[in-house]
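Student: Could you slot chain B onto chain A? The hints should help.
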Amino acid sequence: DTEVTQTPKHLVMGMTNKKSLKCEQHMGHRAMYWYKQKAKKPPELMFVYSYEKLSINESVPSRFSPECPNSSLLNLHLHALQPEDSALYLCASSGGLAEGTDTQYFGPGTRLTVL
Amino acid sequence: KNQVEQSPQSLIILEGKNCTLQCNYTVSPFSNLRWYKQDTGRGPVSLTIMTFSENTKSNGRYTATLDADTKQSSLHITASQLSDSASYICVVRGGSNDYKLSFGAGTTVTVRA
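Chains A and B, in that order, give the protein sequences. Residue 101 in my numbering sits at position 101 of the first sequence; the count goes up by one each step and never skips. Residue 105 in my numbering sits at position 105 of the second sequence; the count goes up by one each step and never skips.
Only chain A is shown next, with the shape it has when bound in the complex (with noise of 0.2 Å):
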C-alpha cells in the first residue's frame, strides 16, 4: 500500500471559521509532510515531522497549526485564514529524513477556497 489519504478534497471556509486538514499514511514512514500549492506553481514546503516531532516550519504563519497524533495521522489545523491562502494543501511522507533516494509519496490533496 503506497496510499497517502487526505480528507476532505474540498473545504471552503470563511475567514473566522476554524478548519483541520487531515492526512494518513500506512506506510510505516516516519516523516510527513505539508505543502501548499497555488495553481501553476510548484508545491511549496510549509511542515516536516520527522518520528511524530516537527523538524522543520518554513516560517509558515501562526493561522497554520500542524499536529502529529501519531506516527500515521498528520493533521493541518486553519483558523483566520486569508483569501490569498487558497490553494491545494499536500501532504506527503516518506521512510524518513535521512533517507537520500527515499520518495516522498503524495496525497491527492485538499483544494481550499477561503472566501
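What the hints contain is simulated information worked out from the structure, not anything from laboratory work. Note that beta-carbon positions come from the ideal geometry of N, C-alpha and C, so glycine has one too. Honestly, I wouldn't trust all of these hints.
To be verified - Covered stretches of chain B, as calculated for chain A (at least 3 residues, CB under 8 Å): (1) 43–55; (2) 103–113.
Claimed, not checked - Simulated crosslink set (DSSO-like; lysine-lysine; CA at most 27 Å straight-line): (3) Lys100/B x Lys36/A; (4) Lys38/A x Lys100/B; (5) Lys18/A x Lys53/A; (6) Lys40/A x Lys17/B; (7) Lys41/A x Lys71/B.
Tutor: Coordinates of chain B only, in the frame set by chain A:
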C-alpha cells in the same frame, strides 16, 4: 540558491506522438533527481528516480535521462496517450542530509486526439 528550470512551459502533442521535456538544475551537492506526474487537482506521482551514477531510467513509456556533469535531465514520452495529459515536474534533492526538495515549475503536456 538551488534552482530547477524546466522547458518548455507547456506543449501540445497529438496522440501517438513522442515528446521530450527538459530540466536543468543548479542544486549542489546533488543526491538524486525525480520526475513526477501531476494530474490537475491531484498530488504528484513519482515516475522515475535517478542518482548521480545513473544516466537513464525507464518506466513504461516514460524514459528519463540524466547528465550529472552538465546538470541536465530529460523525460521522453513515447507513443503518447490522452491520459498523459498532465503537468510533469522535475524534482531535485540535494545532499543526503538535505530533506528539502527543489521543484521545477513543471511542463504542462496536453495530448489531443
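Student: Now, for every hint given, state plainly whether the structure supports it.
Tutor: The hints, checked one at a time:
no., hint, result
1, 43–55, "holds (count 6)"
2, 103–113, "holds (count 5)"
3, Lys100/B x Lys36/A, "holds (14 Å)"
4, Lys38/A x Lys100/B, "holds (18 Å)"
5, Lys18/A x Lys53/A, "holds (23 Å)"
6, Lys40/A x Lys17/B, "holds (25 Å)"
7, Lys41/A x Lys71/B, "holds (22 Å)"
Hint violations for this structure: none, all hints satisfied.
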